[in-house]
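**Q** What follows is the residue order along each chain.
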Amino acid sequence: MQNLFAGFFVSLLIHTGLVLSLSNIFNIDLLNFQAEYAAPIPAYLVFEQPALTSKKEFKRIVINDVTPESKLKIDIKEMVLKPDQEILILESKATKPSIVKKNKINLSEKNRILFFSSIIEGQIRTVWKKPIVPEGLSVELVLSMVPTGEILDVKIKRPSGNEAFDRSALIAVAKVKKFENLSMSAKLFDDNFRNFSLIFRP
Amino acid sequence: MKHLNKIIFFLLFFSSSYFYSQLRIEITGGTDEPIKVAMVPFEWTLDLAPPFYLHEIVKKDLESFAEFSVLNPEDMLSYPTLEEEVSYRDWRLLKVDYLIIGSVLKSEIEGEVNISYSILDVSRQKNVHKALMMGSLGSLNRIGHNISDRIYEKINGIPGIFSTKIAYVDKPVANKESYDLRITDINGEGDLSLFLSSQPILSPDWSPDGKQIAYVSFEEGTSRIYIQELSTGNRRALKHEKGINSSPSWSPDGNFLTGVLSKGGNPDLYLYDLKNNNWKQLTDHYGIDTEPDWSPNGKSLIFTSNRSGSPQIYEINISSMRVKRKTFEGTYNARARYLPDGKKIIYVHRRKGVFHIALHNLKTGRISILTDTFLDESPSVAPNGNVIIYATKDKTTDTDVLAGVTINGKTKFILPSASGGAREPAWSPILDKY
Chain A
1 MQNLFAGFFV SLLIHTGLVL SLSNIFNIDL LNFQAEYAAP IPAYLVFEQP ALTSKKEFKR
61 IVINDVTPES KLKIDIKEMV LKPDQEILIL ESKATKPSIV KKNKINLSEK NRILFFSSII
121 EGQIRTVWKK PIVPEGLSVE LVLSMVPTGE ILDVKIKRPS GNEAFDRSAL IAVAKVKKFE
181 NLSMSAKLFD DNFRNFSLIF RP
Chain B
203 MKHLNKIIFF LLFFSSSYFY SQLRIEITGG TDEPIKVAMV PFEWTLDLAP PFYLHEIVKK
263 DLESFAEFSV LNPEDMLSYP TLEEEVSYRD WRLLKVDYLI IGSVLKSEIE GEVNISYSIL
323 DVSRQKNVHK ALMMGSLGSL NRIGHNISDR IYEKINGIPG IFSTKIAYVD KPVANKESYD
383 LRITDINGEG DLSLFLSSQP ILSPDWSPDG KQIAYVSFEE GTSRIYIQEL STGNRRALKH
443 EKGINSSPSW SPDGNFLTGV LSKGGNPDLY LYDLKNNNWK QLTDHYGIDT EPDWSPNGKS
503 LIFTSNRSGS PQIYEINISS MRVKRKTFEG TYNARARYLP DGKKIIYVHR RKGVFHIALH
563 NLKTGRISIL TDTFLDESPS VAPNGNVIIY ATKDKTTDTD VLAGVTINGK TKFILPSASG
623 GAREPAWSPI LDKY
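Just so you know, the sequences run in chain order A and B. Read in order, the letters of the first sequence are residues 1 to 202 in my numbering. Read in order, the letters of the second sequence are residues 203 to 636 in my numbering.
Take these hints with a grain of salt, some might be off.
Said to hold, decoys possible - Incomplete in silico selection of chain B near chain A, CB under 10 Å:
{"no.": "1", "residue": "Glu235"}
{"no.": "2", "residue": "Glu269"}
{"no.": "3", "residue": "Arg294"}
{"no.": "4", "residue": "Val324"}
{"no.": "5", "residue": "Arg326"}
{"no.": "6", "residue": "Lys328"}
{"no.": "7", "residue": "Asp543"}
Please keep in mind that the hints were generated in silico from the structure rather than gathered at the bench. Positions of the beta carbon are idealized from the N, C-alpha and C atoms, including for glycine.
Modelling step: build the complete structure from the supplied sequences, incorporating the hints.
**A** If you want it as structure tokens, here you go:
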């Protein structure tokens, strides 16, 4: 009887492990990745003058450490990114505008998604006038977009229950109409940005 | 078996989040710009000139708490009255979010008017709300505030308060022997007296239906709680008990009042049954228990007690009678009032020797000071939970005034009192519920 039980236990262990690994649960990178881009991106992006970087055809992005007060601000005028272009990321402290660390890295797919997500977030943020509504509301919209950045369709996926709040989100999307500066590879677009969700919280 | 359930649940949970891989971008902040509204002067088809311009009333209402900016008619490019006449592009150029158009038409009934209007969403070119109202020409002012309420609710998601009233006790500086219980519209119009006495009047509180006011009067030489009907002016007194009779507060269902009696030797909370006219004791402590307020769901009360040595806010559950202390910061916290969601309270909080109105989130324990005036007392919350009115001292004139602050602390205002002695404000519930 005891042997039977032990056998069952061992088999359960093996099978659980098998199913868990099949469902990719041990891929910690992936889990992190999802958690990261679901959260708002606390980055302050400033683009340096092209003259400073003209030696190589790199665009430079300076990511400042963000103090809680400072808001995400993207200077979209300076930003012309070609698909799969190499990007130099320079980190610096908010108090020290000078360059602290020079790491030449290729943006991974994850970082690219983060980057373009923050562009989308920034463009929505500047036009969203949130009404005075009770705390704890959130509305999820699903957007369909074409590679030019134009929004084809927007639907409420999960309403907040407050009509005025839902409408404020729809109005923000309607005001943007077309996201600017989203030049990315066709694959990146198809995999992530053809249909995506926007979650609005007060 | 228990563990197996857990494992399966765990598995399902994570696999679902893995297979669900659509990109989600979260937007947590918007712009601080006020919502821009344009209200086109309503078409007027009556023979006589309008006594009020509705668009002027609505503009004044909507701009009172700095949540909206309302376009002046002079800055408009056209004056449409029908949806078909609207050129959305023009309004988009003026950066208008919502456009309100409408007309006031003659009614078949003498002295009546028909008002129709629409709220249009400019960026999506959609009609958000369409309404037809009938009313007398004499009440055009009230209709205007009513339209403001509807616009506010449609756009902001919480009820408008432009038709509500505030009750207060007026004690003129010039006449020390006069106490006047008055009610006024929140814009200062329609101020009228309910009850005049040579003895103190305290703690007015509105019944939940807005038809009666309970208050304490010393007209018999000792404190007693009265209820006065607004439409008739009729008053009735609650059963008097020996000692103090004070701080009436209506239950949300309107069937009970809580009050403070000292017949047991020291002030305790009692419950008054308005059907059977009797008092039932709620708290029994040798400390002072006073200033009760009902939670919006009617299940508990908050009150001030000095049982710990200093005045602090406590909450009592009506069914279990369990008492819980709610405030721990500072040595003076009193006169608490629930916000309509029941999750936050406001009270008078002393910090560095100065009395302020504080907002306290019961869930998180977070306290924020809302006012920068001094000697702030008796706060009362607007029925939409967005504005607080309180009594304070105007430093420049050294008079008692009523002041207001929005719950985010951003907009502050003062209701000037003619007599210089306004006290004990009580905000009415929503009155003209349409």
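**Q** Now look at each hint and say whether the structure bears it out.
**A** Structure-based check of each hint:
no.: 1; hint: Glu235; verdict: 6 Å, holds
no.: 2; hint: Glu269; verdict: 6 Å, holds
no.: 3; hint: Arg294; verdict: 9 Å, holds
no.: 4; hint: Val324; verdict: 9 Å, holds
no.: 5; hint: Arg326; verdict: 5 Å, holds
no.: 6; hint: Lys328; verdict: 9 Å, holds
no.: 7; hint: Asp543; verdict: 6 Å, holds
Checked against the numbered hints above, the structure breaks none of them.
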